[in-house]
Amino acid sequence: MIAKRADTESVKAEYRVIGKPLPRHDAWGKVYGETKYSNDYKLPNMLYGKVLRSRYAAARLLSIDTRDAEKLPGVVSVMTAKDVQNNETVTRFGQTHAVGGFEGLYRVLADKKIRFKGEAVALVAAERRDIAEKAIDLIKVEYEPLEGVFDPVAAMQPGAYQVGEDKSNVICSYKVRKGNIEEGFAHADVIVENTYRVPMVDHAYLEPESGMAWLDDDGVITIRAATQVIEHFRGVADVLGLPHNKVRVIAPMVGGGFGGKEDITVETYLALLVWKTGRPVSLTYTREESIIAHGKRHPYIMRYKTGATKDGKLVAMEAELISDAGGYVYLSPWVLLYSTVQATGPYDIAHVRVDTHTVLTNNTFCSANRGFGGPQPCFAYESQLDELAKQLNLSPLEIRKRNYLHTGDAMATGRVLEHRVETEQTAEKVLEALGPPSKPKSPPEKIGRGVASSMTSYGRMMFLHDTSRSFVSLDLDGSVTVRCGVQDIGGGQASSLAQIAAEILGVPLSDVNVYIGDSALTPLAGTTTATRQLYMSGNATLKAARVVRDNLLKKAAEILNTSPENLDLKDREIFIQNHRKDTLGLKKTDPECNVNYGGTRKAVVAVETCVDDDSDRVVALEDVVKACAAEGMPLFNVAQFNAPTRELIDFKTGQGKVFADFTFGTQAIEVSVDEETGKVTVLKIVSCYDVGQAINPLSAEGQLEGGALYGLGYGMMENVIMEKGITLSPTLAEYLIPTAVDAPDVETIMIESGGGVGPFGAKGIGEPSCVPTAPALANAVSDALGVRIYELPITPEKILKALGKI
Amino acid sequence: MMTYSIETNVNGRPRAAEVTARDTLLDVLRDHWDVFEVKNGCEQGDCGVCTVILSGKAVNACLTLAVQANGKDVVTAKGIGSPKEPHLLQTKFVEHGAIQCGFCTPGMLTSAKVLLDQNPKANRQEIREAIAGNLCRCTGYKKIVDAIEAAAAKPES
Ligand code: FES
Ligand code: FES
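Line by line, the protein sequences give chains E and V. Residues 8 to 813 (the working numbering) make up the first sequence, in order. Residues 97 to 253 (the working numbering) make up the second sequence, in order.
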């Protein structure tokens, strides 16, 4: 049941709560149906909000007539761009350090030009949902449809239709330059060059964007919304022209995020309607709105030219990536930078030239999605590697082993990987776990295997000077409270903090209570994005808990007449190390000491080792807490963890350090492909990551399993189909994600090198876990059929086309 | 608009409402009766988070008209078990880590409950088929199948 956890040579500390596959503290409320999500509350006098969305993808907004809607009984307010004080705004993500050139510009409500279909045009608040829906239909909008541009390559050309008011549709471009690319290719014995395409995809969390808001007694707009970023309170306040401390955002348990609840969704609309009406308002997107009107994963077109010597050493890589940002900038520049830094994958290549561009079009805008610019290039560089291996007659594992980066090597950006790099080990393990190949069942069925590795950052870009804060306190009865402004989107973000506090303070997990996600009441912990919460807030919690522990031990040392270094904490007791019930120091009166049982029960400890009394060696946690309280010794701490920082990289060469560390992993897939129907069945899938240290192996494994299936959806079926800016797959019946019958049992293997920068040496795995799946699948299909599919998703139709059957 | 009076029994508690012919069981559960453990993920029958047990059958509350529930018993995740008396399925979901964001969980549990009521020894394939209409975006389904399998009766060897 529990994944194999590979041993590593490093000596591991003995943990008591960390590393144990414990049920998460939030799981019980969820099975009993008691957990209240963003849409599970009602307030007296509450109104229902609704958004009017543009019918066109490209148009000039000529006029909006809201009079009929306003007259409808039960309608309380209708708002358009003219009612928004600061309508043009940028998304900022809690970073305290302003960086130019990365502004995620967007408009709260459309004015002037419509930039994508589904863009918000007006807001309604009404007494009932059905009235709000009707009012939306009564708003008359006059548009002048414009030609628009829907292909990023076309949008880059001079003279192309301009999506916005700027001079160019190109939002930004980056480069990486290493060595001399011509020289590199001159040394290559084989060169493969291909163009890869990946589609736009949706997060398809089960909980659509949703929230409610009200005006508190003290005049604070309080928004309770499904979000990955409570720190959007600042952005919301800026839009309304209010001081930041007059907007509060609370994130309850979120029904899935995957990057889609990283940008503001309902928050600003709610705040505007509450501010205008003075009444509580609730607003939930329909599934269709969620698909057509909120940020997606960027489609990319990627041209890769890769050269290797005849013994399989990569010598040159040239890559050009074009990303379709859709109608607004949002996080496109950042996503592109991630792709740029990770464009060469976990490989050591002497000569590199990478050029990347992100471009506005009139498609649905794109922004963060699990992997944040990682999955796209991984599909290309891992497909390329297998093409080279084929030409060189090397196994996929062999060519990778000859090129993996190792600890101490420099990436193409010049950044030296100073932390642990275990990619090679992960590749060996997945192939070993795949076992002997399956036999094809019938003649049209072909078996194939594929492997793909990736390196994916965790933690935000270093030039953002990221921070997190956490508060830890002990109460008089020895119970522990953690307050930390993380958003829990299902990955166990809150529960892992409880485990860390329990470990350090020597209490059972059930003694820890965690308060999260309140911008007014919990110390700000930054975004639940970029696979950063365990790393950042885990470290902050660890730091705070250690201060509390030090104070406890100081007091206990006085009581026990020893020095704090001799003490340890476990099961709500502080004791002199090596004198403990389960080791030594069992009292003669203890039931485990066989003296009382005359041999009828199995002795736990031999009688000779039992002591008369251990009161001079052990003191109850509660007694120490009381002693501290009586003397005014603080048993709480608020700690801030500051991520290591660097200034901006050199944008002419891409040289520099962007991320604190990376997570390395490999996945292997075995497929059977029916050559007559093109149907692909995944027979086996194995995922292995160096997780550094699994804080909770059950949760970590869950991330690896869920991530692999997220990646498999990308590889096999997911596609937001757009035609001239219109989404043709606006429901979950058309936008397909894997179901329980499509899903193979993902086998997971965790390496725990202890070499991460998170607490206890943990690395982040939330996003990395989904990155190499699609290329592993593509490589397996190509192995089965002998032909390659260069475009995701790999559908039966594409397979039959590649086989020349249709 | 013409309305109808309906009466149902939700988790053993009698409930009544005035509904229109268009109102779905999901609307009534959430909007009238505050039965929030029944989730809304699509209102189109595509995701399964609204699954409830209606007279012993697993149905999508969003595709069931409120009037169709008149006179019937509705069971939700809360009706399957409670902190005082957890159902084995609930315990196994927690123990196996079958829950991440938990948004699919109430619907998964109701589908699984109906499956095991009808087929107590369901195997993995049967479990997968029974929850095929319940999407989960977080877990990859493996731990959910593990949990249901652990709650099922062991096949006789
Ligand atoms: S809400 Fe009923 S199936 Fe999605
Ligand atoms: S646990 Fe999140 S959808 Fe299933």
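These are computed hints drawn from the structure, not numbers from a lab. Do not take every clue at face value.
[To be verified] Subject to a maximum C-alpha distance of 20 Å in a straight line, what follows is the list of computed EDC-like cross-link-like pairs (lysine to aspartate or glutamate): (1) Lys27/E to Asp130/V; (2) Lys174/V to Glu41/E; (3) Lys43/E to Glu225/V; (4) Lys691/E to Glu225/V; (5) Lys805/E to Glu638/E; (6) Lys805/E to Asp681/E; (7) Lys312/E to Glu394/E; (8) Lys317/E to Asp196/E.
[As the list claims (entries may be wrong)] Computed footprint of chain V on chain E; a stretch qualifies when at least three of its residues, placed anywhere within it, have a C-beta under 8 Å from a C-beta of chain V: (9) 184-197; (10) 208-216; (11) 231-237; (12) 701-713; (13) 736-742; (14) 746-752.
Beta carbons are placed, not taken as given, at the ideal position from N, Cα and C, and that holds for glycine.
Evaluated hints:
{"no.": "1", "hint": "Lys27/E to Asp130/V", "in the structure": "37 Å, violated"}
{"no.": "2", "hint": "Lys174/V to Glu41/E", "in the structure": "8 Å, holds"}
{"no.": "3", "hint": "Lys43/E to Glu225/V", "in the structure": "29 Å, violated"}
{"no.": "4", "hint": "Lys691/E to Glu225/V", "in the structure": "19 Å, holds"}
{"no.": "5", "hint": "Lys805/E to Glu638/E", "in the structure": "74 Å, violated"}
{"no.": "6", "hint": "Lys805/E to Asp681/E", "in the structure": "13 Å, holds"}
{"no.": "7", "hint": "Lys312/E to Glu394/E", "in the structure": "11 Å, holds"}
{"no.": "8", "hint": "Lys317/E to Asp196/E", "in the structure": "5 Å, holds"}
{"no.": "9", "hint": "184-197", "in the structure": "violated (count 0)"}
{"no.": "10", "hint": "208-216", "in the structure": "holds (count 6)"}
{"no.": "11", "hint": "231-237", "in the structure": "violated (count 0)"}
{"no.": "12", "hint": "701-713", "in the structure": "holds (count 6)"}
{"no.": "13", "hint": "736-742", "in the structure": "holds (count 3)"}
{"no.": "14", "hint": "746-752", "in the structure": "holds (count 5)"}
When each numbered hint is compared with the structure, violations occur for hints 1, 3, 5, 9 and 11.
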